[in-house]
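Dock chain B against the given chain A, drawing on the hints supplied.
Chains as they are written, first to last, in the UniProt record's numbering: chain A, 1 to 590; chain B, 1 to 590.
Just so you know, the hints here were simulated from the structure itself, not pulled from any lab data. Quantities reported herein were computed from a predicted structural model and do not represent experimental measurements. C-beta atoms are modelled at their ideal positions from N, C-alpha and C, and glycine is treated no differently. Be aware that one or more of the hints could be misleading.
What the hints assert, rightly or not - 30 Å max Cα-Cα, derived DSSO-like pairs, lysine-lysine:
1) Lys497(A) with Lys556(B)
2) Lys108(A) with Lys164(B)
3) Lys134(A) with Lys566(B)
4) Lys134(B) with Lys360(B)
5) Lys111(A) with Lys566(B)
6) Lys280(A) with Lys566(A)
7) Lys280(A) with Lys108(A)
8) Lys577(A) with Lys360(A)
9) Lys164(A) with Lys337(B)
10) Lys501(B) with Lys138(A)
11) Lys337(B) with Lys134(A)
12) Lys131(B) with Lys556(B)
To be verified - Derived, one-sided and incomplete: chain B residues facing chain A with beta-carbon distance under 7 Å:
13) Phe125
14) Tyr214
15) Asp217
16) Leu243
17) Asn276
18) Asn303
Number of protein chains: 2
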Amino acid sequence: MEDVIENKTNLLDILNCIGIKIEAICGAKGKCGKCKVIIENPNAANQITFQEKKILSKEEIDSGIRLSCLVRPLEDISIIIPDSSLQKEQRILCEGISRKIDIEPLIKKNKIKISKPMLGGEDSFFNYINKELKSELKIDYNTLIKMNDAINYEVLETNLIIFKDEIIDLLKDEDKIYGISVDIGTTTVVVYLIDLETGAQIDVESILNPQMKYGEDVISRITYSLEKGVSDLHHSIIGGINLMIKKLCDRNHIDINSIYEMTAVGNTAMHHIFLNIIPKSLSVSPFTPVISKGLDIKARDLNIKINSSGNVHVLPIISGFVGADTLGVLLATGLYKKDEISLAIDIGTNGELVLGNKDKMVSCSCAAGPALEGGHLNFGMRASSGAIESIFIEKNSLDSFYKTINNSSPRGICGSGVIDLVAEMLRVGILDNSGKIIENGNERIRKNISNNQKEFVVEWKQKTDIGKDIVVTASDIREIQLAKGAIMTGVNILLEKLDIKVNDIDNLYLAGAFGNYIDVNNAIKIGLIPDIPLEKIKSVGNAAGEGAKISLLSRKMRCEEDIIIKKIDYIELASEKNFNAEFINSLKFP
Amino acid sequence: MEDVIENKTNLLDILNCIGIKIEAICGAKGKCGKCKVIIENPNAANQITFQEKKILSKEEIDSGIRLSCLVRPLEDISIIIPDSSLQKEQRILCEGISRKIDIEPLIKKNKIKISKPMLGGEDSFFNYINKELKSELKIDYNTLIKMNDAINYEVLETNLIIFKDEIIDLLKDEDKIYGISVDIGTTTVVVYLIDLETGAQIDVESILNPQMKYGEDVISRITYSLEKGVSDLHHSIIGGINLMIKKLCDRNHIDINSIYEMTAVGNTAMHHIFLNIIPKSLSVSPFTPVISKGLDIKARDLNIKINSSGNVHVLPIISGFVGADTLGVLLATGLYKKDEISLAIDIGTNGELVLGNKDKMVSCSCAAGPALEGGHLNFGMRASSGAIESIFIEKNSLDSFYKTINNSSPRGICGSGVIDLVAEMLRVGILDNSGKIIENGNERIRKNISNNQKEFVVEWKQKTDIGKDIVVTASDIREIQLAKGAIMTGVNILLEKLDIKVNDIDNLYLAGAFGNYIDVNNAIKIGLIPDIPLEKIKSVGNAAGEGAKISLLSRKMRCEEDIIIKKIDYIELASEKNFNAEFINSLKFP
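Only chain A is shown next, with the shape it has when bound in the complex:
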């Protein structure tokens, strides 16, 4: 191993060689600036190069940041790798895992053995169980009628399955017990199968949300439910989840009755529809949810096909706009119990923000629109095969170096690519901070005759999969400005509410697939997220699913859900008096 490493000339290669995959789309030329690392003992490497001084900011250089492709170790070197420098597929769902929650699910298995009741004893078998456990347990009715199967007249020996204060099954054998966590996204539904004794994730299954046929987005589904009732939407999601549960059970040879709990998260509309509640009040001011607190519902009442006595726990939502996905961020990061100030950003069609610490938390929802997911842009697309997901522009030629999903020929630009593109256009000077595209004579910047708009050609049609030039237009830039402006307005108003500054933020958590895949430096450059030192920024991945899993596995965290919700003040941005001024101000690029 050492020999192999010794032959390498730069730190980037060494890291790749030992299995740490670092981003570098410019081909290790010191141009794209993706491969940043922090050197703890600077004397162990060559001096900072001229190229690095061009790419890195003064603050970055002061804090020891180097581009790993230009670092040559001279002796044993000690480095810190920012999360944002890791290749996307390697990024860690940070604290959700690193917090190392204690595996203590609400579903408990308890083996008891009771000798033959004494003649003349007036106690029932059920009372013997409680006496043995020194408890006052109740028993679910569907379980009660199975008690005879567990009673043997010489000895009462059984494995009790207990949820909270209720017996929900009596098992003869040492069967394993399972749980299910469901993340009900507007677009995608993900179901995780979890071993409740080890906490291990056995398997995962996902489908497109079957409600798609009633409307692609939340608004159209709410409209459908107001016109035709919520029943169609409700049954389609329940049916979809049941189908996935069955698939997971079949594939893993698991009896559906050995699944005793399911936890579910979703945004507020998905939450109401899952519960078969018409989301009418979410669609009219003041957007009051019917119910927000966490719920425990018998699986049979919701028609969820796990053990009929099992529990379905629906995680609480925070307000009419901020759902359980945001709660997932809080559970995964522990934001709500830290002394330090943290900001959590979950960007989708709406951006949900939470800012605060254990003493006070404020949250808001920003109407970012779909631009940051690639929507509403001329060549925007979802993050699927052929989407340009990261990009670097050569300053002189304006040629683009980019990476597409699956390394296919480019078909369009997805969210993370859009952010890179804008940041690079700013860097190479073909976009000013008002959002105007600046012509410099390069053929890639041109005026489109059909719409009289300036546009920048990202890739020529010969090299694309769609037979058209892939461009970004002035109106695309405007969409992106509106989106990032909405988010930053939210951040600024929340900061004002707590009377703090950007510098007071100790942690910035980026949630969702989006947060996981964007180039953090570029997101800062375009002013989408506040300018905060890299080491304070962490991607928390799929916070919604993570929250559902944490809730399934941790009794302690479950108990905290409703407490967390109550501690958060929801700020309705549109009703803040300085909203308009803040918003207009936020449209500019930094």
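Frame of chain A; chain B shown alone:
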């Protein structure tokens, strides 16, 4: 009125005239001894007659008891009428009513009115309800999905229906709310419809237990359930109850959804079968019930057709043999909280006894057999039309004066008639205390050639409805001895357990239709119940149904149910070392 009264010659007539119906089957001849009253100011009436001295015991005379048919008031007279002297249809279900329970059902109705939620408020409608009530209520899932119907966007105005800590309905209007109490007897099922706000009984409906087709008695139904499963029996009782609920609702123009709770009592086998639990463990030693504690089950889970979010409360049973009917006696009488010693006797096929006070209670079940219900006797019959229910034998002629149910021609003898008959045979000297029928030359006492048994002719065939002499035989007497011996053995063993004597008993409660209809004096004479002064003996009527109604209407009593159960020691008579000796000793008539 006074004029009318002044024309009457005796107290019996006066009492009947003012509406107090006193028993007197000998035609006011001072012979049957049924019309006893206690005169508080003896000087206000004529002196005790010779006839009364023949009929009354020395103790009765000493305590001021007279036969009202032979009392002529001389001035204003103050009397006490023993419960046992009232005509059967008038007998009061004493303390169940006289305790005057507070009407405070577990189902509560709570009107709330909440103004339009403020814009920017992060609370859900559900939270507004809890804030308004300063509570932490939960909501039933089936109710949650109806919440939208109750939400008006200007004001949230609704009548909440609450059970324990859970909202189970939201009513727009001031609809009335109802409850149901069910007494599941082996033979008869009675359903009471109760107004939950006033506590008034609206209506009552009864049917023969539809399980009859699977077996007439408890043992045959248990056998059926062991062979073919409990499902048939369970569904037939649930179906029967649902049918009666529907009938009651139709007849009283009540929406089935306005019934929010049902309370149910039954003996232990009826209890298990109602719950769909195979009563196997009740049929084998040590006769341990599967569950004894009180249960609350969602109506929809039990398929009881009241409001689907409503509660079905199944009262606890005391042991494998002592059911919720006996608990009814305790609830109705308050035995369990008195300082005085009380004995409760509930006689059916089994006799259940409870003896004790607030400090200690012991209970047992006595295998009395069906003789005291008219079963297993040559001319025994259930208490239906044509049954001789009370009887008086003229000492010289041995002619019988009797009363039949509905005053029909006699068809047989029911329980209360059997007790009278034996007591009268003892009194007139044609039965000795060993149970031997004594011939005295009267043609009514004869030897039956076909079975070589002595028998007494109660009525000649010419006067019966069945064209046969109605007789009581030596073997009938034996059956009655076994039955009353079983009861008295139980009483004696319980007395020994508490180390007290008959004289220490301050109250004797007789439960059940049987306890309500027997001639208490005669029951004492034949040694069926202990010899206790009449004023200490009270009929508590249908204790099972009474218990179910009390449980429905009184939150306080409901809470005490499981506590009462735990305070009772169950004595398994057959395993007591002095059982055999006691039993043989108890066979003799006093």
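Tested hints:
no.	hint	result
1	Lys497(A) with Lys556(B)	violated (50 Å)
2	Lys108(A) with Lys164(B)	holds (26 Å)
3	Lys134(A) with Lys566(B)	holds (15 Å)
4	Lys134(B) with Lys360(B)	violated (40 Å)
5	Lys111(A) with Lys566(B)	holds (26 Å)
6	Lys280(A) with Lys566(A)	holds (23 Å)
7	Lys280(A) with Lys108(A)	violated (38 Å)
8	Lys577(A) with Lys360(A)	holds (22 Å)
9	Lys164(A) with Lys337(B)	violated (34 Å)
10	Lys501(B) with Lys138(A)	violated (41 Å)
11	Lys337(B) with Lys134(A)	holds (27 Å)
12	Lys131(B) with Lys556(B)	holds (26 Å)
13	Phe125	holds (5 Å)
14	Tyr214	violated (18 Å)
15	Asp217	violated (22 Å)
16	Leu243	violated (22 Å)
17	Asn276	holds (5 Å)
18	Asn303	violated (11 Å)
Checked against the numbered hints listed earlier, the structure breaks hints 1, 4, 7, 9, 10, 14, 15, 16 and 18; every other hint is satisfied.
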